[in-house]
Structure formats: structure tokens, C-alpha cells
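K.L.:
What follows is the residue order along each chain.
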Amino acid sequence: MASPLDQFRITEIVRFGTIGESPVALTNSGLYMMIVVGLIVGGMMMSTRATALVPNRWQSFTETLYEFVANMLRESTGKEGMRFFPLVFSLFLFVLVANLVGMVPGAFTVTSHIIVTFALAILVIGTVVIYGFIKHGTHFLGLFVPSGVPVWLLPFITVIEIISFLSRPISLSLRLFANMLAGHIALKVFAGFIVSLLATAGFASILAPLPFLMTIAMVAFEIFVAGLQAYVFTVLTCIYLNDALHPGH
Amino acid sequence: MDPATAAASLDAYRFLGAGLACIGMGLAAIGVGNIFGNFLSGALRNPSASDGQFARAFIGAALAEGLGIFCLVVALVLLFG
Numbered sequence: 242m243a244s245p246l247d248q249f250r251i252t253e254i255v256r257f258g259t260i261g262e263s264p265v266a267l268t269n270s271g272l273y274m275m276i277v278v279g280l281i282v283g284g285m286m287m288s289t290r291a292t293a294l295v296p297n298r299w300q301s302f303t304e305t306l307y308e309f310v311a312n313m314l315r316e317s318t319g320k321e322g323m324r325f326f327p328l329v330f331s332l333f334l335f336v337l338v339a340n341l342v343g344m345v346p347g348a349f350t351v352t353s354h355i356i357v358t359f360a361l362a363i364l365v366i367g368t369v370v371i372y373g374f375i376k377h378g379t380h381f382l383g384l385f386v387p388s389g390v391p392v393w394l395l396p397f398i399t400v401i402e403i404i405s406f407l408s409r410p411i412s413l414s415l416r417l418f419a420n421m422l423a424g425h426i427a428l429k430v431f432a433g434f435i436v437s438l439l440a441t442a443g444f445a446s447i448l449a450p451l452p453f454l455m456t457i458a459m460v461a462f463e464i465f466v467a468g469l470q471a472y473v474f475t476v477l478t479c480i481y482l483n484d485a486l487h488p489g490h
Numbered sequence: 003m004d005p006a007t008a009a010a011s012l013d014a015y016r017f018l019g020a021g022l023a024c025i026g027m028g029l030a031a032i033g034v035g036n037i038f039g040n041f042l043s044g045a046l047r048n049p050s051a052s053d054g055q056f057a058r059a060f061i062g063a064a065l066a067e068g069l070g071i072f073c074l075v076v077a078l079v080l081l082f083g
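Protein sequences, first through last, are from chains A and B.
According to this note's numbering, the residues represented by the first sequence are 242 to 490, in order.
According to this note's numbering, the residues represented by the second sequence are 3 to 83, in order.
If you're looking for bench data, these hints aren't it; they were derived computationally from the structure.
Keep in mind that a hint or two might mislead.
[Claimed, not checked] Derived DEER-like restraints, expressed as beta-carbon distance ranges:
| no. | chain 1 | residue 1 | chain 2 | residue 2 | range |
| --- | --- | --- | --- | --- | --- |
| 1 | B | ASP4 | A | VAL265 | 39 to 47 Å |
| 2 | B | CYS24 | A | THR289 | 43 to 51 Å |
| 3 | A | PRO264 | B | PHE82 | 21 to 29 Å |
| 4 | A | VAL430 | B | ALA9 | 26 to 34 Å |
[What the hints assert, rightly or not] Derived SDA-like pairs: lysine to any residue, alpha-carbon spacing no greater than 20 Å straight-line:
| no. | chain 1 | residue 1 | chain 2 | residue 2 |
| --- | --- | --- | --- | --- |
| 5 | A | LYS429 | B | LEU81 |
| 6 | A | LYS429 | B | PHE82 |
| 7 | A | LYS320 | B | PHE82 |
| 8 | A | LYS320 | B | GLY54 |
| 9 | A | LYS429 | B | LEU74 |
| 10 | A | LYS429 | B | GLY54 |
Cβ coordinates follow ideal geometry from the N, Cα and C atoms, glycine included.
Whenever a hint applies, use it, and build me the whole structure from the sequences.
P.N.:
Structure representation (C-alpha cells):
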């Protein structure tokens, strides 16, 4: 039986050539990213094609999504954070749709590769650092020196703040990646139980519906996790962006 | 010790380490349970205030969960790295 990790294998579909040693190719990961972006763009264009004062169900679905993310951003960063809305909304939709597309049986999960989630996280943290320095200059470094702390405690707190800031891109990317990875491995392992129980062809094979029911429950749970992790990624993005906008504690 | 035994015992230590790393995931589960348990007990006493703190509970759970995820990554690196 195939290993539970086989579903994460990246395979080449079309090879365009090589740069030095490394191949330049369209992989299944790249193909699924295109599918995800195509779904998002297609859905958005279809639902806003004929906008009306009284929205039809597609338009109202899109408006609900928009309001959901806009409220999240407004609550944590205030009005001036809305300039980051395109970034946050794109991140939310990309992560959400990539997670949900990964739940289609047989589909490839883009977000189950750490290089993809790390690229998204470094985009967020890079935005925070660059915008923070442009807007506030060296005052941005006040992020690491909270006010109202006793002087003798200040060096320790500063070191801790710097470490916690540096670990943000790692924890932000690892959370999404590991949740997707662990969920899909667990699904595959439970699905494998069905096959191996049926393959015994003895008395034990009548137990095969039990892991099947468990797999159904886990698919439902994984769909919930897919939405939840997209939400958590976006909320944390909003909180980190708030640091760039208001570096003082 | 001959090389084959040495390699086998190294593998055994890797598996032991991966198993030990999983203890940390259980501890993270205690943390997440604490957050949601306290959130629920607070929310049941004052249901009108619970909606406003919903996002904050999830942020805390996500941060606590992240530390457990680090343990999972340590285990995966030990097994497959």
C-alpha cells in the first residue's frame, strides 16, 4: 500500500527547460495554485458581474466574505489598516480555497508544503517590517521596548520581544502547514485501515465500516479545520499588521 | 560495536526522540483545552459578552496550538529528516 506521505509528492507535468541543475517545470503544486486562483477570480467576477442593490445569492455570499474580512481587519487595526485590505483579503481567500480544494479526494493540497506557507508568512512579515520602517522610521524599534516596565527588567523583556518577533514567520507558516499535513496524513491512515480490514477477507472484514464512519467524521472535521486555519492565519496577519501601524504598546 | 548495530541503535534513538517529542503535543492539548474551557465557563456566565471575545479565544488557542505544532515538526524531522 502507498505510504500516507505519497499524496504530498510533487510531480512534473510539463518541463520547460533547466536553469543550471534545477529544472523549470509546471508541477502539480503549480497547477493547483492556478486552479485555486482561477476559482477565486472566476467566482469573484461571476458574483460581481451584475451587481444590484438587492443582491442575488452569489453577490450576497461575496459581500458576506468581504464584510467578514473587513470587520476582522477594522477591529484589530482600526480605520487606517484598511489600506492593507487587498493583501489580507487575497491571503484569506487563497489560504481558504487552497485548503478546501485540498479536501477534494485525490486533489493536491497546496498549503501542505512549508515552502508555500512560509512564502505567504514572509510576505506578511516583510510587509510589516518595510511598512513599519517607512512609516515610523527608527520609532518602529519601540515595538521591542514596551513602556511601563521596570528598568532592570527591560533588557530581558527586549530580548524576549525580539525573539518572539523573529519566530513569528516560522510559527505562522508552521501552524498552517502542520495542520494541513497532519490532517491529511491522519485521513490517509484511517482510509488505509478500511482497505487492510477488507483485505483480511476473514471475520475481521465485517469491522471495515467502523474506520469508514471515522473517515467521514474526520473529513467533516478537516473541512472545519481548513476554514479555521484560514481564519487564524488572517487574524494573526491583522494583528501583526497592527504592529506596523501602531508600534507603541 | 559493529556498524550495523550502531546504525540500528541510532534509528532506535531517533524513534525514541520522536515519541518523546509527542509528549509536548499532549501538553499543548492541555493548553488549548484550558483556553476553551475557561472561555466556555466565562461565556456561559455572561453570554452577551461572549461574541466579542470569540476571536480572542481562537487567537489564544492558535498560539498555544503552535507550540504543540513545533513538537510535531521536531518529531517529523527526527523521523524523516
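K.L.:
Hinted pair, alpha-carbon criterion (20 Å max): LYS320 of chain A, GLY54 of chain B. Please report holds or violated.
P.N.:
At roughly 18 Å apart (the allowed maximum being 20 Å), GLY54 of chain B and LYS320 of chain A satisfy the hint.
K.L.:
Can you confirm whether the C-alpha distance between LYS429 of chain A and GLY54 of chain B stays at or below 20 Å?
P.N.:
violated (37 Å)
K.L.:
For the pair supplied as a hint, LYS429 of chain A and LEU81 of chain B, is the alpha-carbon distance within the 20 Å limit?
P.N.:
holds (18 Å)
K.L.:
Does the Cβ pair VAL430 of chain A, ALA9 of chain B satisfy 26 to 34 Å?
P.N.:
holds (27 Å)
K.L.:
For the pair supplied as a hint, LYS429 of chain A and LEU74 of chain B, confirm whether the alpha-carbon distance does not exceed 20 Å.
P.N.:
With a Cα-Cα distance of about 18 Å, the restraint between LYS429 of chain A and LEU74 of chain B holds, given a limit of 20 Å.
K.L.:
Checking one constraint from the list: CA of LYS429 of chain A to CA of PHE82 of chain B, max 20 Å. Satisfied?
P.N.:
holds (18 Å)
K.L.:
Range first: 43 to 51 Å. Now tell me if the beta carbons of CYS24 of chain B and THR289 of chain A are that far apart.
P.N.:
Since the Cβ atoms of CYS24 of chain B and THR289 of chain A sit about 47 Å apart, the hinted range of 43 to 51 Å holds.
K.L.:
The hint says 21 to 29 Å between PRO264 of chain A and PHE82 of chain B; measuring C-beta to C-beta, is that right?
P.N.:
The hinted range 21 to 29 Å holds for PRO264 of chain A and PHE82 of chain B, with Cβ atoms some 23 Å apart.
K.L.:
Does the alpha-carbon distance linking LYS320 of chain A and PHE82 of chain B stay inside the 20 Å limit?
P.N.:
At roughly 46 Å apart (the allowed maximum being 20 Å), PHE82 of chain B and LYS320 of chain A break the hint.
K.L.:
Could you tell me whether the CB distance from ASP4 of chain B to VAL265 of chain A stays inside 39 to 47 Å?
P.N.:
holds (46 Å)
Checked against the numbered hints given earlier, the structure breaks hints 7, 10 and satisfies all the rest.
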